[in-house]
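J.: Listed below, chain by chain, are the residues.
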Amino acid sequence: MKKLVALLVALGVVALGRAYADEKKMTVGVMPKLKGIDFFNAAQKGAEEAGKELGVTIVFDGPVTNDVTLQAQMLDTWIAKKFDAIAIAPNDPDAIAPALAKARKRGIKVITWDSDARKDARDLFVNQCTSASVAKSLMDVLAKGAGPEAKYLIITGSLTASNQNIWMKEMDKYRQTAYPKMLNLSATPKASEEDQALATQVAADSLKAYPNLQGILAITSVALPGAAEAVRKAGVADKVFLTGLATPKAMRDYVKDGTVKQFVLWSPVDLGYLAVQAGVASAKGELKPGQPTFKAGRVGEVKLDGDMVILGEPVVFDKSNIDKYDF
Amino acid sequence: MSVLQLANIRKSFGGAPALRCANLDVRAGEVHGLVGENGAGKSTLINIATGLFRPDSGSIELNGFNVSFASTRHAAHSGISVVHQESDLFAQLSLAENMLLGRGLLRGPAGLIQWGRVYSEAERLIREVGESFDVRAPAGGLSVARRMMAEIAAAVSEQARVLFLDEPTASLTQNEIKNLFGQIRRLKADGVGIVYVSHRLEEVLELCDRVTVMRDGETVETVSTQGLTMDRMVSSMVGREVSSLYEKTPASRGEVCLRVQGATAADGTFTDISVDVHRGEIVGIYGFVGAGRSEFAQTLFGLRPMKHGSVEIDGTAVELSSPRQAVRAGLAYLPEDRLVQGVFRGHSLRSNASVAVLRRLSNFGWIRAAAETKLARQVVSDMNVRAGSIEQPIGTLSGGNQQKVVFGRWQSTKPKVLLLDEPTRGVDVGAKAEIHKLMSGMVEQGAAILMISSELPEVLAMSDRVITISEGRKTGEFNPRVDSKDTIAAAAVPRATVRRAAESEKRPGRLARWLSFREVGLLGFIVFLAAVMTWFKPAEFATVQNFLDVLSTAALPAIVAQGATLIICAGGIDISVGSMIGLVSAVATGAAVQGAPPVLCLGLGMLLGTVFSLLNGGTALLARIHPIIVTLAGISIYRGLMRIATGGKEIMELPAAYRALADGDLFGVPKICYYVIVVTALVHLFLRYTLSGRRVLALGNSESAARLIGLSKARLTLLVFGVSGALVGLAAVLQAGYYGKVQANTGEGMELKAIAAAVTGGTNILGGRGSALGTLLGAFIVALLYNALVLAQASSYWQSSFVGALILAAVIVDMLIQRTRGART
Amino acid sequence: MIKRILFRRESALLLTLILLFSGFAYFTEGFLDAYNLLERCRYWTITGLVAVPMTFIIATAGIDLSVGSIVGLSGIVLGLLYRDAGWPLVFAGSAAVLTGLAAGAFNGGITSYIKVPPLVVTLATMALYSGMAVGLSKGEPIRNFPESFTWLSLGDAFEIPFGGSTVAFPVPLFALASVFAVGAVIFRRTWVGRFTECIGENETASQFAAIDVGRMKLLLYTVTGLICGVTSIFYTALYASARPDAGKGLELDAIACVVVGGTRVSGGQGSVLGTLLGLLIIGILKYGLEMASVPSEQLVIYIGALLILMTIFNEWVASNRGAKS
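Protein chains in written order, with the numbering used here: chain A, 709 to 1035; chain B, 24 to 848; chain C, 187 to 511.
No lab work stands behind these hints: they were computed from the structure.
Among these hints, one or two may not hold up.
Simulated crosslink set (DMTMM-like; lysine to aspartate or glutamate; CA at most 20 Å straight-line) [stated by the list, open to error]:
(1) Lys877/A / Glu326/C
(2) Lys852/A / Glu878/A
(3) Lys916/A / Asp688/B
(4) Lys941/A / Asp686/B
(5) Lys827/A / Asp1015/A
(6) Lys324/C / Asp775/A
(7) Lys301/C / Asp837/B
(8) Lys301/C / Asp290/B
(9) Lys969/A / Glu676/B
(10) Lys964/A / Glu676/B
(11) Lys941/A / Asp688/B
Part of the chain B face toward chain A, derived, beta carbon under 10 Å [said to hold, decoys possible]:
(12) Ser659
(13) Tyr761
(14) Glu771
(15) Gly772
Computed, partial: chain C to chain A, Cβ under 8 Å [claimed, not checked]:
(16) Gly325
(17) Leu340
(18) Tyr425
(19) Ser427
(20) Arg429
(21) Pro430
(22) Asp431
(23) Tyr473
(24) Met477
(25) Ser479
Cβ coordinates follow ideal geometry from the N, Cα and C atoms, glycine included.
Please work from the sequences and hints to get the whole structure.
T.: The following block contains the structure:
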């Protein structure tokens, strides 16, 4: 009886596994930082679009939290499945490197996108735009909205998020040269832990803690809508200029009611699309680091900088253009 | 005339017959003894007569009418009450509640409990049995004798026509027994039929009119006590002749082995006790439970701290600050409460026998298996333990055999001095005789024995000298061959006037009682924090708006925490609520986006929450696994289902009507604050003023005691899980409305916030104690801390450690306060 | 005799494992890849190391939710001493182990001597320790560890011939194997293990049987912290960086292994061997399902279901055994 139960469990599980098995054609694994947020859902759309165009199988999967250790484990499975190329948005450049190195050792082309891994661990990096250009766009929007002498603070995701930490460094560098009179009121960024409720709470408390606050930069796609909710509830949209990074879909209501006037992002659809294009081309040997440009389907000709493929410049969204985007 | 007649009762448990053919006939106005060895079926018979079990066959007649009891409540209602052995009780509930919970407390209109009436009724009942003590104090702090009196008072109060007393005197001393017998005779005169179950045959002979003897699940005979002798009873119980109950061969008295001088307990339970015990001598200690005798023995054994006094063994002074030191010095202690202090029920006989010498049987920590087996076999043969194998779990042995194993455990340490605390309590006649024989054998070999017993005949028969202890002081030393039984008993009696005066002093005043509430401490903490913040940041902090903001932040965790409080109070836990919030909010907002009206979404959310939570509770109950495992699995299952339900997408752009459920103000106060206040008020009402609420707390206090008063664990567990689920559903729907969005990690970490709020608010994580108000304050404190940290512009990097440290500090301080309070009572 | 072996909890678990393994091997393409299975062991090492002391803790009817946070904190101490103070890695590693030890001792001290239930203590210290990790590191991972260090987790000890070619044997497996072996021996064969089970079965009776309950618990929580400190070294090596959020969720993974392995959460009975089998069962299931391309959101559901099923199964085997005797 006991054996029977165990057997049934095992068989049931295995039968499930079988149902998902795929037949073989060229396969590209695309891994986001985490699944279930709009930004990466949009990227998935782009990745699958490119897959269809190029006639390759796309496996789009990632951990359910932005945890690099889970990414590494999943990568190992993909290595075992002998994918032809892997495009990954790593949660940490160093922590993912050993797993990526293993993939390359087994002849799999490795592309990073959204954020980079250690240079020696991947073949190419598909960059939405350089950190410097993200930082510049954000600070320019803030300066335009709140004035070049604005007193501001930053709300980030988790304090350990590497992309955000790099951007913040770049923002500070750019501020010192372009807007030397701007003042960051809080030396440490406020953490929102990818939790919208916490983002709202932190923003609301910050509005009270810093009465002379003029601007808030919320630099994750969870933090900005969360902070917008706090600004809307407090009714201080005219006093405090809120901007940051988020998807247009999440911000549509806040832009329309005037809580947020402008914010910044790039197209995650195009980013996913380009990552797959680059991965396939690289696996076929059609794309190598160092070439000046790369023809990437509907996105057209994109520039290369060494082993970095650059999608373009970030987009600034406002009332006039927000309805044009469906991600 | 018979009031209660049980005829041809049969009952089996899982195929094993417990009762083969039992008959019992109780007349009005008689005391009817029920005797038999352990396992003879006395408890089963009582449980059938009082409605806990239903018989497989046979009839029960009450006043000549055939009856069948659906529950203990039903039986009690029909006039059949029972006072169980070792009154297992709800330690964290008040004495009054313990007394009256079984009959549903006293409720006014709308079924709400009227506490004033409950207390005065309990006080009246206590007065009726001629006692007087604080009925509002937690029952856990009371002596066994008082609990017993209180239970009898409560049992009698239901116009009982038949009262079962199961081993009522097991922990009472002579004086208390005398008092109890007085009560029993008074009840008898009132025409109540009393069934008196006891191993103490002397008492049975003294008190009872007739006796029914049970053996092997059958009633052997019912005889009048007129002219009945003990030996006759014993042989009838055992089915053969038993040579002697108190066998003691005189041993030659040697040098002084144990010398205690001026021993005084650190907690004041005994003062200035001196005693010498020689080799080859049994010294009996006789006194009330609560007189300090067990405490004295436990102090010698290093379990409790000693303030003054010295202990010498074989002329050498020894330091006894831990049981290990005591064992090394040559002491051994057989505890009085076998189940709680003696055996490891699920462990094998071998492991139970060897535990005290295990380190000696090991080389560098490695247990020598052969040596251990040999030792266990030795114990089995020396102690004449009846068991199938030494690998058998000890819980499957009879009480007497268990006691013999524990005795053997200590004998194998080869102690110089044996401290025996009620060595034959709850042990059947056969085993009792054997244990006495073993004691006798040990002194013969030169050991010294200090025996505590509240059974006077045992003390008289077994001891070479007797010391009486009363109120923590030695009141005399006697020679049982010379001094009379009455002299010795009299010396153990406390001076009643002093005792009463001391009792009334202890009753706390209104202010002290008020201060003892956890909520007051929490409020104090909040006021303190608020004062500090107001001092530093008056403009930002001390505003109505900020207060409301903090309350809004606390609202959702607080609503979930109210549910968690209920579950924890019942002795369970649910760590899947975070994922459940994710799933429920996804479905509810999904419906809203499809155009469902907000109220429908709210209903749907609460319904779903209830269903999921019932699934959690139901699975734990049905599969009999700990809810923490079910809900640990639930964390990933519900989160996975949510992701599948949403297709991995975030849900936003919710209809304005839906958002209006939670978002926005009403009369200048955020709507969400009303929800949390209403929920808190309802949960408070439930926990404090409804019978179901009190039953939930009772269940969390003691599952076994709850079963005895007929509470259904399944029903109460499902109730709390159901209510908690509805609250989780409510919180899920509101969260989506308040923040305007559902994302993949919505609700993540909520379980920890909820548990932290409940625990900070004074809910006992082990169950049985908790309050809705405390939980709200707990949630508020956590939110306030974050608010204060941001307003104080503290570095975000250290925030989480700061909050963690403060919660820990709050819990520790509470623990210390509870402990000092516990020490006082 | 055969019946007794079969009814041992571990045999039932082993059978489940074999069935799972052979099922996947037969049905799922690419599952039976020695290289890949061995690669997986590097990750299992992290959970496995923590699960061994967790078995002891749960057998005392306790729990330690702070293990993940201790791993994070110890790793950060290691990283900071290495990067900022310029300590040699051997000393920095020892400091990490000591940090773990101190953190564990703090848990144990409060649990055993102030008698705050361990669930509450470690819930609070979970926030406390991970907060300290974030605070000390300012949220930034510490990088650039030499390969000689990452070898501990990423290196190969030797090559084993396998199907014509060779497969490398991961270094951390030695740590995993030795901690499990030592843990199992201590649990089953020494008085420390026996007393652990006694405390879980009946804490009061343990005290009355002259077991120093307070010191035993302090010891167990301290050793748990110590092993978390050791784990942090492997963790840091595995991801070539010391991360303040390292070990997040580790407590639940470890508890799941212990529970699937048949240790009862109500204490009194446990098995380190069972925990190993639990680790492998969960690991194989996860790996097999991933190989079968089951999406991650469904995968977590199956793992959850497995946890419940295995617990019911364990209880059932235990009660069967009880009925036999």
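J.: Take the hints in turn and mark each one as holding or not.
T.: The hints, checked one at a time:
{"no.": "1", "hint": "Lys877/A / Glu326/C", "in the structure": "holds, 12 Å"}
{"no.": "2", "hint": "Lys852/A / Glu878/A", "in the structure": "holds, 18 Å"}
{"no.": "3", "hint": "Lys916/A / Asp688/B", "in the structure": "holds, 19 Å"}
{"no.": "4", "hint": "Lys941/A / Asp686/B", "in the structure": "holds, 9 Å"}
{"no.": "5", "hint": "Lys827/A / Asp1015/A", "in the structure": "holds, 9 Å"}
{"no.": "6", "hint": "Lys324/C / Asp775/A", "in the structure": "holds, 18 Å"}
{"no.": "7", "hint": "Lys301/C / Asp837/B", "in the structure": "holds, 11 Å"}
{"no.": "8", "hint": "Lys301/C / Asp290/B", "in the structure": "holds, 18 Å"}
{"no.": "9", "hint": "Lys969/A / Glu676/B", "in the structure": "holds, 18 Å"}
{"no.": "10", "hint": "Lys964/A / Glu676/B", "in the structure": "holds, 12 Å"}
{"no.": "11", "hint": "Lys941/A / Asp688/B", "in the structure": "holds, 10 Å"}
{"no.": "12", "hint": "Ser659", "in the structure": "holds, 9 Å"}
{"no.": "13", "hint": "Tyr761", "in the structure": "holds, 8 Å"}
{"no.": "14", "hint": "Glu771", "in the structure": "holds, 7 Å"}
{"no.": "15", "hint": "Gly772", "in the structure": "holds, 7 Å"}
{"no.": "16", "hint": "Gly325", "in the structure": "holds, 3 Å"}
{"no.": "17", "hint": "Leu340", "in the structure": "holds, 5 Å"}
{"no.": "18", "hint": "Tyr425", "in the structure": "holds, 3 Å"}
{"no.": "19", "hint": "Ser427", "in the structure": "holds, 4 Å"}
{"no.": "20", "hint": "Arg429", "in the structure": "holds, 7 Å"}
{"no.": "21", "hint": "Pro430", "in the structure": "holds, 5 Å"}
{"no.": "22", "hint": "Asp431", "in the structure": "holds, 5 Å"}
{"no.": "23", "hint": "Tyr473", "in the structure": "holds, 7 Å"}
{"no.": "24", "hint": "Met477", "in the structure": "holds, 6 Å"}
{"no.": "25", "hint": "Ser479", "in the structure": "holds, 4 Å"}
Consistency note: the structure conflicts with none of the earlier hints.
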